[in-house]
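For chain A, the structure is supplied; the task is to place chain B on it using the hints.
The primary structure of each chain is shown beneath.
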Amino acid sequence: MTISSTLPSSKSERGHGKDGQGRPDARAAATPQARPALTENHVRQKSLTRTLFTPFGPIPPALAAALGIAIWVAILGIWIAVTHNGLVEPIFLPKPSQVVETTVALAQSGELWEHTLASVKVVLIGFVVSSLVAVPLGLTMGTYRIVQAFLDPLVNFIRYLPVTSFVPLFILWIGIGIEQRVAVIIFGIFFQQLVMIADAARSVPRDLVNAAYTLGTRRVETVRHIVFPATLPNVLDILRVTMGWAWTYLVVAELVAARSGLGYISLKAMRGFQVDVIFMAIAMIGVLGLLTDQSFRVLRRLAAPWAS
Amino acid sequence: MQNTPSVATPDSDIAVEDVSLRYGRGQNAVLALSDLSLAVRPKEFCVIVGPSGCGKSSLLYLIAGLQERTGGTIRVAGRAVSEPGADRGMVFQAYTLFPWLTVAQNVEYGPKRKGIAAAERRRIVDHYLEEVGLTAFRDHYPAQLSGGMKQRVAIARALANDPDVLLMDEPFGALDSQTRHAMQQLLLRVWDHQKKTVLFVTHDIDEAILLADRVFVMSGRPGLIRKEISVDFERPRAMDLVMEPAFIAMKREILELLRGDGDAR
Chain A
1 MTISSTLPSS KSERGHGKDG QGRPDARAAA TPQARPALTE NHVRQKSLTR
51 TLFTPFGPIP PALAAALGIA IWVAILGIWI AVTHNGLVEP IFLPKPSQVV
101 ETTVALAQSG ELWEHTLASV KVVLIGFVVS SLVAVPLGLT MGTYRIVQAF
151 LDPLVNFIRY LPVTSFVPLF ILWIGIGIEQ RVAVIIFGIF FQQLVMIADA
201 ARSVPRDLVN AAYTLGTRRV ETVRHIVFPA TLPNVLDILR VTMGWAWTYL
251 VVAELVAARS GLGYISLKAM RGFQVDVIFM AIAMIGVLGL LTDQSFRVLR
301 RLAAPWAS
Chain B
1 MQNTPSVATP DSDIAVEDVS LRYGRGQNAV LALSDLSLAV RPKEFCVIVG
51 PSGCGKSSLL YLIAGLQERT GGTIRVAGRA VSEPGADRGM VFQAYTLFPW
101 LTVAQNVEYG PKRKGIAAAE RRRIVDHYLE EVGLTAFRDH YPAQLSGGMK
151 QRVAIARALA NDPDVLLMDE PFGALDSQTR HAMQQLLLRV WDHQKKTVLF
201 VTHDIDEAIL LADRVFVMSG RPGLIRKEIS VDFERPRAMD LVMEPAFIAM
251 KREILELLRG DGDAR
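Heads up: the sequence lines are chains A and B, in that order.
In this text, residue positions in the first sequence follow my numbering: the first is 1, and each later residue adds one.
In this text, residue positions in the second sequence follow my numbering: the first is 1, and each later residue adds one.
Bound conformation, chain A alone (with noise of 0.2 Å):
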């Protein structure tokens, strides 16, 4: 293995060589000639676990990919193995293979990309609408506490509401249709957004601020010119993270009421015992998860590079 090779003596170049005077170097302590091969195989193993499992401390990249692919392949073994076997039901825990049939399939028949779609369609109605609002709104709020004294006791009142409990109201009120998707979406990440945001404009050093208007800021460009720059990269990790939020409530709005998305194809499956089906949904909307997760990174880096 080359990490067994390379890592102890990388160690002993930075850790041990600088201090000199902390610790003994374990490895020259136990050079050949000093001390017989056993020991000092025996002194190379600890260092390589010493390394590998100091807090905080580095792995190599090579590493840290293998044990990423790792546990995918271990829990798909368990998967292959407890389903080959039979002892799980099929009618409970399918094949993988099995998944992959039925996803390939629908795939083919379009019905896959049409409740994707769907569902795609809400989530970023929602997510759009909800964020055009917070970031202005939660600037603002975090900047001016005139605006905090007036939004605060509202907003920290609705955030605790359990979005779920508002599911039959926006039913009776706006029926079954997408705006009431939309509507749990928003209600379910906008008043977290605007917490959040606001939280993020509040930490804006005031030094930042006075030196802007040293250099000619007028009062009201502040928001604009100094605090939404200074609090883009926190902005985006914000609305990545809400995005995540987003879709929790959007399969929560399409299990109760909607004639489309796959939220919905999972409660069908499940009145027809059809758990590749469900397995399926599942799979898409991480994959789904994972891409925006990853765009909202690729825009960060974009958008403010001077954070990275």
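Worth flagging that the hints you see were computed from the coordinates, not collected in a lab.
Each residue gets a CB set at the ideal place from its N, CA and C atoms; glycine is no exception.
Chain A side only, calculated, beta carbon under 10 Å to chain B, not exhaustive: (1) Asn210; (2) Thr214; (3) Arg218; (4) Arg219; (5) Pro229; (6) Ala230.
Using the frame of chain A, we list chain B on its own:
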């Protein structure tokens, strides 16, 4: 080393008269500054030296218009101060470069706000980056710079805006002593070229004498000017000056003035 009275004259660039600053109300009120007066002449480099907590930074914030005074008047270049403005440039102790802008864009920020044309802005940025020796770092972000470099950009950024006066609040306070000495030399050189009116705050007596035409020795609680000392050492001044007997004598005088004051807080 004569003692000049600090009386504002019509040609003073900074005129502080009977300024007081009170924090809090009633029983808990703290008088940070009490009827403080000082005057800085055009193109003069004045340094306020005092123990931490004596209100010297507050005074600078009052002059910058970043804080409201309780009483008294402050005039800069003949105009009464009521709010912050581009006529009073400031360099802070904390790093205050805009992290989302590159070095060049930071320096360009003030001229851009003023509506100066792009070509002229470019010339200004080039000039001041050259002046602080950071031309090679123009496209770096502040996060990529050392503490000393950040403060050099901050000085360039303040000067690029061509303010009437430059206020400096312990700008080298967070730097290690080697970097601090280099920064003092750099500041003296830049000031020699630009000849701005400067009011500089520090608790470092060596730094005060080395930089100043005039030193205001300030004591705390409530903050007031104990004494003004004219510093007549020839310019340009080098670091070696700190070992001259006259320098040491002046340092001793200031130390004596401050003695006991530091313990009082």
